[in-house]
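Those protein sequence lines, which keep their order, are chains B and A.
Each residue of the first sequence is one higher than the last, beginning at 3 in my numbering.
Each residue of the second sequence is one higher than the last, beginning at 2 in my numbering.
Keep in mind that the hints were calculated from the coordinates and are not lab data.
The structure displayed is predicted, hence computed values, not measured ones.
Hints may contain errors.
Unchecked claim - Estimated spans, in silico, between C-beta atoms of each pair:
(1) B:ARG4 with A:SER20: 46 to 56 Å
(2) B:GLY22 with A:TRP38: 49 to 59 Å
(3) B:ALA246 with A:MET2: 25 to 35 Å
Claimed, not checked - Far from chain B by the CB rule (all over 10 Å, computed), these chain A residues:
(4) THR5
(5) GLY21
(6) ARG28
(7) PRO30
(8) PRO48
(9) ALA49
(10) LEU78
(11) GLU81
Beta carbons are placed, not taken as given, at the ideal position from N, Cα and C, and that holds for glycine.
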Amino acid sequence: MRYSGWKVITEGLLGNTGWGRAWRDPAPKAEYDAIVIGGGGHGLATAYYLAKNHGLTNIAVLEKGYLGSGNIGRNTTIVRANYFLPGNSEFYSHSLKLWEKLEGELNYNVMHSQRGHIILFHSDGQRDAAVRRGNAIVNQGDDAELLSVAQLKDMLPYLDYNQTRFPIYGGLIQRRAGTARHDAVAWGYARAADKLGVDLIQNCEVTGIDTVDGKVVGVQTTRGPIRAKKVGMVVAGRSSQVAAMAGMRLPIESHVLQAFVTEGLKPVIDHVVSYGMGHFYISQSDKGGLVFGGDIDMYSSYASRGNLPMVEHVMEAGMTLMPMLARARVLRSWGGIMDMTPDGSPIIDKTHIDGLFVDAGWNYGGFKAAPASGWCMAHLMATGQSHEVARRFRLDRFRTGHVMDEEGTGSQHNLH
Amino acid sequence: MRLTCPLCGPRDRREFYYSGTEDYLNRPPEGASIEAWDDMLHLRTNPAGVTKDLWYHETGCGSWLLVTRNTVTHAVLATELVAARKGGAA
Numbered sequence: 003m004r005y006s007g008w009k010v011i012t013e014g015l016l017g018n019t020g021w022g023r024a025w026r027d028p029a030p031k032a033e034y035d036a037i038v039i040g041g042g043g044h045g046l047a048t049a050y051y052l053a054k055n056h057g058l059t060n061i062a063v064l065e066k067g068y069l070g071s072g073n074i075g076r077n078t079t080i081v082r083a084n085y086f087l088p089g090n091s092e093f094y095s096h097s098l099k100l101w102e103k104l105e106g107e108l109n110y111n112v113m114h115s116q117r118g119h120i121i122l123f124h125s126d127g128q129r130d131a132a133v134r135r136g137n138a139i140v141n142q143g144d145d146a147e148l149l150s151v152a153q154l155k156d157m158l159p160y161l162d163y164n165q166t167r168f169p170i171y172g173g174l175i176q177r178r179a180g181t182a183r184h185d186a187v188a189w190g191y192a193r194a195a196d197k198l199g200v201d202l203i204q205n206c207e208v209t210g211i212d213t214v215d216g217k218v219v220g221v222q223t224t225r226g227p228i229r230a231k232k233v234g235m236v237v238a239g240r241s242s243q244v245a246a247m248a249g250m251r252l253p254i255e256s257h258v259l260q261a262f263v264t265e266g267l268k269p270v271i272d273h274v275v276s277y278g279m280g281h282f283y284i285s286q287s288d289k290g291g292l293v294f295g296g297d298i299d300m301y302s303s304y305a306s307r308g309n310l311p312m313v314e315h316v317m318e319a320g321m322t323l324m325p326m327l328a329r330a331r332v333l334r335s336w337g338g339i340m341d342m343t344p345d346g347s348p349i350i351d352k353t354h355i356d357g358l359f360v361d362a363g364w365n366y367g368g369f370k371a372a373p374a375s376g377w378c379m380a381h382l383m384a385t386g387q388s389h390e391v392a393r394r395f396r397l398d399r400f401r402t403g404h405v406m407d408e409e410g411t412g413s414q415h416n417l418h
Numbered sequence: 002m003r004l005t006c007p008l009c010g011p012r013d014r015r016e017f018y019y020s021g022t023e024d025y026l027n028r029p030p031e032g033a034s035i036e037a038w039d040d041m042l043h044l045r046t047n048p049a050g051v052t053k054d055l056w057y058h059e060t061g062c063g064s065w066l067l068v069t070r071n072t073v074t075h076a077v078l079a080t081e082l083v084a085a086r087k088g089g090a091a
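Required output: the full structure, derived from the provided sequences and hints.
Rendered as C-alpha cells:
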C-alpha cells in the first residue's frame with residue numbers, strides 16, 4: 003500500500019478500516035543470503051539498502067526485542083552534517099543528502115524538519131574554531147554560516163546575552179540541519195525493507211555466532227539456528243556482547259546518555275541550539291515539548307537511566323543559556339546506552355572472521371548517521387569493500403594510529 | 002551514587018573522577034608489542050554486569066581507587082586503594 007494524502011482522505015471516509023499491517027511478521031527461515039543482527043535505525047537501514055541498492059532480498063533482520071526498541075527511539079532527534087575531520091565530514095554530508103530524500107524514497111513521513119542548527123561560541127578561541135569548522139563544512143559542499151550577535155539576537159531573542167561568565171560571541175548555523183521524528187525513521191525503513199522482501203524477525207535474540215575455519219556460517223538464536231554466509235552486527239548499545247560471541251574485544255566502552263523533555267509548550271524555540279560552553283543542546287518537538295540533553299554520565303553503564311549529578315548539570319547549563327526554561331516543567335527523562343570509542347568516531351568494517359561485519363561505536367551521534375551507516379554497511383556486506391565515505395571507520399585504526407578524534411580530547415572512551 | 006573511599010568514607014559521586022577500567026593497571030612491559038598496547042589502551046571487555054574501574058578521589062584525599070561495580074544496577078560492590086594492591090600503583 004502506498005501512503006498518500008489521497009489515501010488519508012479515502013481511509014477517513016471509509017472509517018480507517020483499510021490500513022493493514024505496515025510490515026509482515028514472518029517466522030525465520032533456515033537460511034538467508036545475509037543476516038543483519040539488530041532491528042534499530044542502522045540495522046533496518048542496512049537491510050533496506052542491501053535490498054534496494056544491491057538486490058539482496060533473501061535477507062533477515064534479527065531483533066531481540068521489537069523494532070526500534072533501542073537508541074533510535076531514545077535520542078534527541080538532531081540531524082546535521084557539521085563535522086570537521088576528513089572521514090567524518092564526507093560521511094555525514096552523505097547522510098544529510100540521504101535524509102533530504104528519505105521521505106520520498108521510503109514513502110513515509112519521518113517529519114524531517116530542516117530548521118537550522120546553531121552552535122554558539124563564547125570566546126575568541128571558540129570563534130576561530132567555528133570559522134575553521136565552517137570553512138571545512140563549506141569545502142565539503144555543505145552549508146555553514148557565521149552569525150553575529152546582532153543576527154542571533156534577532157533569531158534567538160530568548161538567550162541570556164548579558165551573562166558575563168560565558169558571554170555569547172556569535173554562532174555557526176547550518177540551515178540544512180534540523181530534526182526528524184526518531185521512531186518514524188525506524189518504521190519507515192522497516193516498512194520499505196519489508197516491501198522489498200526482507201524478513202523482519204522480532205523477539206529473536208542472537209545467542210551465538212557460528213564459524214567454521216574462520217568463516218561465518220550462521221547464528222544461533224532464541225528461535226533456532228539460522229544459516230547465512232554473511233552476518234552484520236549492527237547493535238550499538240550491545241556491540242561488545244554480540245562481538246564477544248565471535249571472540250572479539252571491541253574498542254568500545256558503554257556509557258549512559260540522558261535526555262529530557264518538558265511538557266508541551268507553544269512554539270518558542272525555532273531551531274536546534276547547542277551551547278558551546280555547557281554541552282547542552284535543545285530543540286522543540288512538533289508536539290511542543292522542549293527536547294534537550296547534555297553529556298554522558300562519564301562512567302561505564304548499561305542502566306538506560308542516569309544519575310542525578312548530570313541531571314543537575316544539564317539543567318544548570320540550560321538555565322545559564324535560556325533563563326526562560328525555569329518556567330517549563332520537565333515531563334520525563336531517560337537514558338540510552340552509547341558505544342563510546344577512544345576517538346569518538348564510529349566503526350564500519352570487516353572483522354577477522356570472513357563474512358562477519360561490524361557497524362558499531364556511534365558514540366552519541368548515531369541518529370543522524372542512520373541513513374549513511376545503513377548505506378555504507380550494506381555496501382560493505384554486499385561488495386566486501388568499504389564505501390568511499392566510510393573508508394576511515396576502520397576497526398584497527400586505534401592500533402595503527404589512524405584515529406579520528408573530532409573533539410581532540412584524547413584516547414579515553416568517556417571523553418568524547 | 003556514592004563511593005566509599007577507604008580513607009574518607011562514603012562520599013558523593015561528584016567528588017570522584019572516572020578514569021576508565023582496570024585495564025589501565027595492566028601496563029605492558031617495555032618493548033611489548035603494539036597489540037599489547039592496543040589491548041591496554043583501547044580494547045575493552047565492557048561487561049553488562051560486574052566490572053572493575055579506576056576512580057580518582059579528586060576533591061577528597063587524592064587517592065586512586067579500584068571500584069567493583071555493577072554496570073546494569075549501578076550497585077557499588079567494593080572499593081579498594083590502588084596503592085594497597087600487591088605491587089602498589091601501576
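Structure-based check of all given hints:
1. B:ARG4 with A:SER20: 46 to 56 Å: Taking Cβ atoms as reference, ARG4 (chain B) and SER20 (chain A) lie about 54 Å apart, which means the hint holds.
2. B:GLY22 with A:TRP38: 49 to 59 Å: Because 56 Å falls inside the window, the suggested range holds.
3. B:ALA246 with A:MET2: 25 to 35 Å: 26 Å, holds
4. THR5: At roughly 16 Å from the nearest Cβ of chain B, THR5 (chain A) sits farther out than 10 Å, so the non-interface label holds.
5. GLY21: 6 Å, violated
6. ARG28: Check passes; 14 Å lies beyond 10 Å.
7. PRO30: At roughly 18 Å from the nearest Cβ of chain B, PRO30 (chain A) sits farther out than 10 Å, so the non-interface label holds.
8. PRO48: For PRO48 (chain A), whose nearest Cβ neighbour in chain B is about 8 Å away, the distance does not exceed 10 Å, so it is violated.
9. ALA49: ALA49 (chain A) not clear of chain B: closest Cβ-Cβ about 4 Å, inside 10 Å.
10. LEU78: 14 Å, holds
11. GLU81: 17 Å, holds
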